[in-house]
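**Q** Sequence:
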Amino acid sequence: MQTTPVRWTTADLELFAGDSRSETLRERRNRYEIIDGELFVTKATHWDHQSSCANIVTVLKIWSDETGLGKAAIAPGIILSDADNVIPDVVWASYERLERLLN
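Once you know that position 44 of the sequence shown is 44 in our numbering, the rest is easy, because the numbers rise by one and skip nothing.
To be clear, the hints were calculated from the coordinates, so they are not data collected in a lab.
Among the hints, a few may not be true.
What the hints assert, rightly or not - SDA-like cross-link-like pairs, simulated, lysine to any residue; straight-line CA separation at most 20 Å:
id, residue 1, residue 2
1, K71, I56
2, K71, N103
3, K43, A17
4, K61, K43
5, K71, L98
6, K43, A72
7, K61, A73
8, K43, G77
9, K61, S94
10, K71, V91
11, K43, N30
12, K61, A44
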């Protein structure tokens with residue numbers, strides 16, 4: 001008997017909407033990403049990791065403000081396709097690419 005693997009989509013992430021630590025904080029216990037239709041579940045990152053990300057995005061923001069070339073963000077949800085939905089730690093995008101990413 002051959003089984004067909006489940007192919008996850010962005011819509012399936014709604015199944016995990018209730019995965020929060022507290023109703024007031026709205027923090028997720030886990031991080032859910034879909035890459036090529038496969039679901040990846042990891043723990044939320046540690047304080048030190050987030051602090052490092054903040055330092056990196058600060059440097060990128062200062063540089064971006066000076067050059068006017070783009071924007072930086074911490075842990076944005078990025079939907080590349082219905083089968084690819086990721087949450088990178090830090091992202092920088094040129095204004096040209098950012099316009100395409102946000103539309």
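**Q** Does each hint fit the structure? Answer for all of them.
**A** So, going through the hints one by one against the coordinates:
no. : hint       : in the structure
1   : K71 - I56  : 13 Å, holds
2   : K71 - N103 : 16 Å, holds
3   : K43 - A17  : 15 Å, holds
4   : K61 - K43  : 27 Å, violated
5   : K71 - L98  : 8 Å, holds
6   : K43 - A72  : 23 Å, violated
7   : K61 - A73  : 8 Å, holds
8   : K43 - G77  : 16 Å, holds
9   : K61 - S94  : 12 Å, holds
10  : K71 - V91  : 8 Å, holds
11  : K43 - N30  : 5 Å, holds
12  : K61 - A44  : 24 Å, violated
Checked against the numbered hints listed earlier, the structure breaks hints 4, 6, 12; every other hint is satisfied.
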